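Peer 1: For reference, each letter of the sequence shown is one residue, going 1 to 155 in my numbering.
Pair ranges (Cβ atoms, derived):
id, residue 1, residue 2, range
1, R95, V141, 31 to 39 Å
2, E91, A135, 39 to 47 Å
3, Q57, R29, 29 to 37 Å
4, G104, S142, 34 to 42 Å
5, I2, H55, 18 to 26 Å
6, L4, Q57, 22 to 30 Å
7, E69, N101, 23 to 31 Å
8, E64, S90, 36 to 44 Å
9, L85, E139, 26 to 34 Å
Below are the DSS-like pairs computed for lysine-lysine, each with C-alpha atoms no more than 25 Å apart in a straight line:
id, residue 1, residue 2
10, K23, K33
11, K8, K23
12, K103, K33
13, K8, K96
Note that these hints are calculated values from the structure, not bench results. This structure is a prediction, so every number in the text was calculated from the model and none was measured. Ideal Cβ positions, reconstructed from N, Cα and C, are used throughout, including at glycine.
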Amino acid sequence: MIVLDDLKRHFRYNTWANETVLKSLPSARIPPKALRWMNHIAACEYLWIARILQHGQPFAVWPEWSYEECRRQILSLAETWPAFLSSLTSEGLSRKVSYVNVKGEHFTNTVGDILTHVLYHSAHHRGQATADIRACGGEPVSSDFIHAVRSHVIE
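Model the full structure from these sequences, guided by the hints.
Peer 2: Here's what the structure looks like:
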């Protein structure tokens, strides 16, 4: 069973982790693959909100944004998620959402399962961005959930 308060907490972590990894991109020499992963994270988070709300696809899933545009989108998501989640009820988590994926396949999932997927999808690609930062000689920061808890970034 998915608990709404837990989801809200995990999205606070997700927001912090996205911002943290993005800030760790070296400003002088941004690893292109790492920026590509962060762009994908932001675009897909917007895509899933749009699917839940039954809106059209807002962005391509692999946008080629600059660092500054990616930063704007990540910061905007930091406002979008809490607003969306505050309007959601526990019962709303079980609402079914039908959508068509980027391959043209039709699916139906619950809001709760979609939101859980968003969290795991973003974490997966943050890991890829972190690996690319390290491969380019950068020093990635810790964006682990437990680190955020220990540091009191999230309660």
